[in-house]
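Residue numbers (the numbering used here), protein chains in the order written: chain A, 2 to 204; chain B, 168 to 308.
Because the hints were derived from the structure by calculation, they are not lab data.
The reader is advised that the hints may include incorrect statements.
[What the hints assert, rightly or not] In silico DSS-like links for lysine-lysine, alpha-carbon gap of 30 Å or less:
hint: 1; chain 1: B; residue 1: Lys259; chain 2: B; residue 2: Lys277
hint: 2; chain 1: A; residue 1: Lys21; chain 2: B; residue 2: Lys285
hint: 3; chain 1: A; residue 1: Lys146; chain 2: A; residue 2: Lys178
hint: 4; chain 1: A; residue 1: Lys70; chain 2: A; residue 2: Lys167
hint: 5; chain 1: B; residue 1: Lys265; chain 2: B; residue 2: Lys285
hint: 6; chain 1: A; residue 1: Lys178; chain 2: B; residue 2: Lys265
hint: 7; chain 1: B; residue 1: Lys179; chain 2: B; residue 2: Lys293
hint: 8; chain 1: A; residue 1: Lys167; chain 2: A; residue 2: Lys190
hint: 9; chain 1: B; residue 1: Lys235; chain 2: B; residue 2: Lys259
hint: 10; chain 1: B; residue 1: Lys220; chain 2: B; residue 2: Lys277
hint: 11; chain 1: A; residue 1: Lys146; chain 2: B; residue 2: Lys293
hint: 12; chain 1: B; residue 1: Lys220; chain 2: B; residue 2: Lys235
hint: 13; chain 1: A; residue 1: Lys178; chain 2: B; residue 2: Lys285
hint: 14; chain 1: B; residue 1: Lys235; chain 2: A; residue 2: Lys146
hint: 15; chain 1: B; residue 1: Lys277; chain 2: A; residue 2: Lys178
hint: 16; chain 1: A; residue 1: Lys146; chain 2: B; residue 2: Lys285
hint: 17; chain 1: A; residue 1: Lys70; chain 2: A; residue 2: Lys146
hint: 18; chain 1: B; residue 1: Lys265; chain 2: B; residue 2: Lys235
hint: 19; chain 1: A; residue 1: Lys190; chain 2: A; residue 2: Lys178
hint: 20; chain 1: A; residue 1: Lys178; chain 2: A; residue 2: Lys21
hint: 21; chain 1: A; residue 1: Lys21; chain 2: B; residue 2: Lys235
hint: 22; chain 1: A; residue 1: Lys146; chain 2: A; residue 2: Lys167
hint: 23; chain 1: A; residue 1: Lys190; chain 2: A; residue 2: Lys146
hint: 24; chain 1: B; residue 1: Lys285; chain 2: B; residue 2: Lys179
[What the hints assert, rightly or not] Pulled from the structure, derived: some chain A residues nowhere near chain B, Cβ distances all over 12 Å:
hint: 25; residue: Leu15
hint: 26; residue: Leu29
hint: 27; residue: Asp44
hint: 28; residue: Tyr120
hint: 29; residue: Asp123
hint: 30; residue: Phe129
hint: 31; residue: Arg174
hint: 32; residue: Leu189
Even for Gly, the Cβ is constructed at its ideal location relative to N, Cα and C.
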Amino acid sequence: MSSKSQAAQAGQALWSKMPKANAELFALTYGSLVTELVRDYEDPIEVNAQLDRIGHSIGVRCVDEFLSKADVAGMGLATQCQNLRDTAEVVSKIGFKMFLGIQAEVGGFSHDQRSFSIYLQDNPLSTFVELPPGDEQSGGDDLRKLKYSNLYCGVIRGALEQVNLKVECSIVRDTLKGDELNEIRVNLKEVLADGAGDDYKEE
Amino acid sequence: MSTPVLFVIVGKNEPLFEAEIDTHSSIGAPGQNDLSTRQNYFVLHSALDLVEKSAFTTNSMYLRVVDKVNHQQVSTFLTAANVKFMLLHGGKGEEVVKNFFNEVYGYYVKLSMNPFYKYDTPITSKAFEARVRAAARAYLS
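Given these sequences and hints, build the entire structure.
Structure follows, in structure tokens:
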């Protein structure tokens, strides 16, 4: 239990040191990105995949920044996460807090401890956003299939990939679609062996 | 007694939003007969030219009453982007109408921040319509 409050404190401390951006500018920029993607690709499934790809690139860079800042601050994170539960705590309490300033909760651990959920009460990306009601042109519920915040899934996937955890993320609940909170489901696929070893193996 | 008010938002080329609001009934749905509804729309649209005229006379966004027909008046509010909010009513106070317009302006700005709403297109959001009707009931009854 103490590690949870430690993580929360660490998250808060790191957040206060990060340079800040205007929340509205951030939300509007992301909104324009999504609408441009929708206009270019037209198929919401394809847009989801693109957002995931973009998120992946972001995540890969985020994890480096996180590890360097956390170490410098000496937050006691020099000890590695022992299991998926610790990883989940770090991602939600420190990761989300540090980069977005929001409170994220973890829960929904599966029996085999290989999946968990991250719950977001408010989502800074979707301020002002309202999904348009179904248009007649492309058949009813076109943009209902769009996962507006799919960027998060890519970020988590990219970040954990860099620390050798191959995961699959998806958004299962979305406030834009009428649910009370946003839920991201994370499934651990496999723990990768350290890739760098292969290149340096002697013949 | 319960003359409904007609609220229209007009963009560059076409009306973007229309709502006939019966301020005295509990449901917001229009219950007017067709003839007077059509008349109301006609009066409101013919007032558009007068809006252009009075826009040059004042610095503020609220243009007060631009036209009077029989016992009805048309009040207009001009947003910074030349979108016109027009209200056809049977003689409500100027302050009351101004407050209503300001509230709707706030909702309109929030709507235009929605990345999926393209500027100067018809407004289809149900949430916006509900808010406008609630504001009308609050300010104009």
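Tested hints:
1. Lys259(B) to Lys277(B): holds, 26 Å
2. Lys21(A) to Lys285(B): holds, 29 Å
3. Lys146(A) to Lys178(A): Holds, at about 10 Å.
4. Lys70(A) to Lys167(A): holds, 23 Å
5. Lys265(B) to Lys285(B): Holds: Lys265(B) and Lys285(B) sit about 26 Å apart, inside 30 Å.
6. Lys178(A) to Lys265(B): violated, 34 Å
7. Lys179(B) to Lys293(B): holds, 22 Å
8. Lys167(A) to Lys190(A): Roughly 5 Å separates the two Cα atoms, so the pair holds.
9. Lys235(B) to Lys259(B): Holds, because 12 Å separates the two Cα atoms, which is no more than 30 Å.
10. Lys220(B) to Lys277(B): holds, 29 Å
11. Lys146(A) to Lys293(B): With Cα atoms ~20 Å apart, Lys146(A) and Lys293(B) stay inside 30 Å; holds.
12. Lys220(B) to Lys235(B): holds, 15 Å
13. Lys178(A) to Lys285(B): holds, 20 Å
14. Lys235(B) to Lys146(A): violated, 49 Å
15. Lys277(B) to Lys178(A): Holds, at about 18 Å.
16. Lys146(A) to Lys285(B): holds, 20 Å
17. Lys70(A) to Lys146(A): Between Lys70(A) and Lys146(A) the Cα gap is close to 37 Å, so the pair fails against 30 Å, i.e. violated.
18. Lys265(B) to Lys235(B): Holds. Lys265(B) to Lys235(B) sits at ~17 Å (cutoff 30 Å).
19. Lys190(A) to Lys178(A): Judged against 30 Å, a Cα distance of about 28 Å means the pair holds.
20. Lys178(A) to Lys21(A): holds, 29 Å
21. Lys21(A) to Lys235(B): At roughly 53 Å apart (the allowed maximum being 30 Å), Lys235(B) and Lys21(A) break the hint.
22. Lys146(A) to Lys167(A): holds, 25 Å
23. Lys190(A) to Lys146(A): holds, 25 Å
24. Lys285(B) to Lys179(B): holds, 13 Å
25. Leu15: holds, 29 Å
26. Leu29: Violated, since 7 Å does not exceed 12 Å.
27. Asp44: Answer for Asp44(A): holds, closest chain B Cβ roughly 16 Å.
28. Tyr120: holds, 24 Å
29. Asp123: holds, 16 Å
30. Phe129: violated, 4 Å
31. Arg174: holds, 20 Å
32. Leu189: The claim holds: Leu189(A) sits with its nearest Cβ about 33 Å from chain B, beyond 12 Å.
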